[in-house]
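2 protein chains.
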Amino acid sequence: MLNTAGPLMNANKVRVQDTFWNRFTELVRDTVIPYQWQALNDEIPDAEPSHAIRNFRIAAGLEEGEFGGFIFQDSDLAKWLEAVGYSLAATPNPALEEMADDIIDVIGKAQHKNGYINTYFTLKEPGKTWTNLYEAHELYCAGHMMEAAVAYYDATGKRKLLDIVCKFADHIETVFGPQHGQIRGYDGHQQIELALVKLSQATGEERYLKLAQFFIDERGADPNFFIEECKQREGYSYWTGKQEPIPTVQQMAYNQADKPVREQDKAMGHSVRAVYMYTAMADLARLTGDQELLAACRRLWENTTKKQIYITGGIGATHHGEAFTFDYDLPNDTVYAETCASIGLIFFAQRMLLAEAKSDYADVMERALYNNVIGSMSQDGKHYFYVNPLEVWPKASDMNPGRRHVKAVRQKWFGCSCCPPNVARLLSSLNSYVYTSSPAENTIYMHLFIGSEANFTLAAGEVAFTQQSSLPWKGEVRLEFTAAPASAITLALRIPSWSRGQAVLTINNVKTEYETLNGYAMVNRQWMPGDTAQWELALDAQLITAHPQIRVNAGKIAIERGPIVYCLEEVDNGTPLAVVSLDYTKGLTSQFDANFLGGAVIVEAEGLADETTTWEEDTPYRPLTLQSETKKVKLKAVPYYLWGNRGEGEMTVWIRKSMA
Amino acid sequence: MLNTAGPLMNANKVRVQDTFWNRFTELVRDTVIPYQWQALNDEIPDAEPSHAIRNFRIAAGLEEGEFGGFIFQDSDLAKWLEAVGYSLAATPNPALEEMADDIIDVIGKAQHKNGYINTYFTLKEPGKTWTNLYEAHELYCAGHMMEAAVAYYDATGKRKLLDIVCKFADHIETVFGPQHGQIRGYDGHQQIELALVKLSQATGEERYLKLAQFFIDERGADPNFFIEECKQREGYSYWTGKQEPIPTVQQMAYNQADKPVREQDKAMGHSVRAVYMYTAMADLARLTGDQELLAACRRLWENTTKKQIYITGGIGATHHGEAFTFDYDLPNDTVYAETCASIGLIFFAQRMLLAEAKSDYADVMERALYNNVIGSMSQDGKHYFYVNPLEVWPKASDMNPGRRHVKAVRQKWFGCSCCPPNVARLLSSLNSYVYTSSPAENTIYMHLFIGSEANFTLAAGEVAFTQQSSLPWKGEVRLEFTAAPASAITLALRIPSWSRGQAVLTINNVKTEYETLNGYAMVNRQWMPGDTAQWELALDAQLITAHPQIRVNAGKIAIERGPIVYCLEEVDNGTPLAVVSLDYTKGLTSQFDANFLGGAVIVEAEGLADETTTWEEDTPYRPLTLQSETKKVKLKAVPYYLWGNRGEGEMTVWIRKSMA
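Chains as they are written, first to last, in this note's numbering: chain A, 1 to 660; chain B, 1001 to 1660.
The following block holds chain A by itself, in its conformation from the complex (with noise of 0.2 Å):
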């Protein structure tokens, strides 16, 4: 069943006011933005040069020089430029909006008369825009000016970028298409098609969204476009620089152009690309009602979110090809889990709670929200991690070349920085995700638990109320109403996975039953302004065990609290770290240790350490019955979130179980 009643919240109407998120929207806001700002401008020392604000200087004829940086550098200025949007709508900031406008000048000045934008063809291949869909991301980084642009236009009202990308868009509309002297084709890395969808839905032009549904449709048809391209251009391939053999249909995969969307039903190839190309599905099965799409949406997420996702939120098992791999294969060492492709992972569900509200596409968001993606950052917000593993030994990922992609370290900055600008802009517009709402049958879905101030409309009226939580630390959450209409309206409260369903409803200090669908609390009353609602979930730690499927765990258990995912860290437990295993047949105890990286409740449990000091060096092997015995140990846990940030050491988030 479509929620087609539901549409996409504006962002303004939703203000994030939150002791935890604070810290990382300020962070955002204080250091990440301008940091970042200086990074697009080639100004941190040490760090790989960005060259994405000097290419489009270059490009609109302000600066002299040649193209540097990947061919899609463009679009981590858009990302920033995004970013900034909601940044501003959230806290003004003259200073910063006067830096955009001037950038935003700039790429005016950078685009060409017919609309185009792209300072790779334009500074280095003039003659051969669109000539290479499949490696050349042409349309990936218009897609991110355009969500800038919306982002942009949101927050401040100035449609100059606006303006910029229509014109763009317009543009590709002509070049794009099933008619004759159109190229029937898409892009290599999906990611206009859901900004093509943003688009339409800000200028309210139907023609962007029978473009990303084009771009859709077209996508695995065949004959494959991707490999007539490739033989247009006899097999000439921009990365290697030379003629490769024209690839296989089954090599679209990676790409996720090996068959049509509607007949796909595992994640394979490129995690991002896929993840971007799903949230666009969502919304266009949504928008036009197509059930086929829905089914695909729906088969997709289960195959990404009950098979192929880490405890972690992360997604992509191999950094071959950043890629998925296969059912269950979840190496927690050799992982890739990229930060990008758990941010797409939250839009995918953003847009499946929009389109049909059930709590498990919350519950996957908000563990790709708490653990993954803000485990991506430092806690200065300057440094970053691309890969996000779940077991790490520094030494490995020094010296033993299939680690070498799992840094033990966050890094500053990245030649491919695809990773620092997406957490900027997801963090700076969190109040997207919080809420959505269903006017027509005046209900509000709060699907994360997140201090805020919030304002629909519902066809029976305005609602407003304040939103106070304590998670992730307790799990006590309260409404309080402002604003509300005469008649009754339904407030479905989601009852969170980790709850295990203990979540206790009071009303105006009255326990309250309450009816439950698709994972949320329905309650329908008619509220009046000043009246209060408590959620109160159980949110005690928990040992977690994996499918058996997943051969890497066996054996082993992890511990989460509410939303969060705990992990050993060297630094607390000693190393080896494997010789440590946590006894499972008692009790764990959580405390809040306010000066614990900015706060944070730290687990302790009871284990085991492996005998060591017996083990002479020069016995690699020997018989068990030499073994003495364990001694029994206390082990710390903190929040996956925060590892790594009291300098290199080893890292686990799966503990062996023992019993003393």
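To be clear, the hints were calculated from the coordinates, so they are not data collected in a lab. Just so it is clear, the structure is predicted and the values come from calculations on it, not from any experiment. All C-beta atoms, glycine included, are put in the ideal place defined by N, C-alpha and C. Heads up, a few of these hints could be off.
[What the hints assert, rightly or not] Per the computed footprint, the stretches of chain A lying under chain B, defined by three or more beta-carbons under 8 Å from a beta-carbon of chain B, are:
1) 266–272
2) 399–409
3) 449–462
4) 534–545
5) 548–556
On the provided structure of chain A, position chain B as indicated by the hints.
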């Protein structure tokens, strides 16, 4: 203390006659050698062509065509010829000898007037000989031909190939050296060093030993030869076909040329290169009395066999560069453990045993031989593993690119087919590894328990005995003397580490006490023809743990029984194999099964299987509290060397440890 009094035993004087090993030597003689002949002639359907013989025929002017295969393809033919030599020594075979003579004629025709042999440079880059030692394997191929020549001469007394390689060696001696106009360098892939030692011993030519020593002494000296050579070529790389950055001294660790060999103390870089070099170093240390070189050998032995070895005797933890990584980094699933590397380790062990008789060398030799090496070959002798994993999930080998080098089934032949002919030459020269002797000290060391007829010439006179061995299934070994001198000699019987010192000596049916030295029972007496010595070794299944620094094996145990390492296979224990654990508090039962792949002892254990039935497909993670009881199961472990002979399936050597 150098055991300079103990030269290499002449292989012709030991004849293997052993229930367990005859099967392998017959397989090599009757199947492997003919099959590899077909392979070298490109006659195996559906396998990658070798080109090796065709290259020689073209170079000899007997055929038209172009060079094919790897730049070091010549070595495959050389290794085959070497195996033929050993096989003919054990079992005359006129037809095989004729085939060998014919191809030796071809090799002679392919030899340049100045002695040079290499079909790649003859056919493809005639003007470029000796310009790319770093990459081109010219001396490596030369070394293999020398080893073949020595083996063939020893077996047949025919000098033709020996004369060919001596002419080649004489040429090399003019090209390489410290004199002006000579190349002060060495090969990118060590091998000629150990071959020149053999050639020196076979011909009595001290010059060849000196040339080996030159190569060893120069290696890693400053300025670095490879770097200087790369500069000369302006960075041109054979492998990439273009100019590459000049490598750094650190990168020379891949070729063990980052520092002089006497300063090396960790096994680094390409593992086959490393152990071939260590072998030559041990030869030279022994033959020249070079204590500094022997000390380096001891250090490198310690590091390789105490910190960088798998329980199966495999070495080399990564497929990136087929290389060592660092101490205790021994992943079971992304492992390399190349067959050739274990064979090279056996060479190294043999040379160390000749330098100083310590049972540790033989323990490691035996471990590599009975597990990694013979496990690399299928029961039909026609399929091989290049990589010898300790944990296999066939689907991951297929679909996770980081594990694609780990094949789940043995392959027919490899484009780079170094391993199969290496196995053939080792197994057909097994007689060289059973004993060493010190004629001056009238001592015979028995290192391996392999049925054989052996003759030794000691200072005191001739000794002859037969060994009957019930290994690896039982621990009873029996010697019967057929000739002995009139004075006392010492029989040194190895006390294998797996016997935990429980080794009972019975002479002429009388239990006899003995003294031990360096892991050997030293039995000094005057033996008479007809005397018997029984050597009873405790040989029972044991549970083994790994050093706590080997993180991947934490909480796991392996099963060993005598020299044989065991594993669990899916065909016997179900899937996922990871759900089972072994109850270490219960006993192991061993039973010989005559019908199991030619007969083998199977080990059974009590185990637990994690409950899998209550897991829904759509639940990747769930609280431990929902987990049902484990159920008791019988585990069936089979010898590692026999894994993968009953279809494709999961396999593991290391098993989770549990307690019911």
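Practice task
Find the hints from earlier in the document that the structure breaks and name them by number, from lowest to highest.
Solution key: 1 and 3
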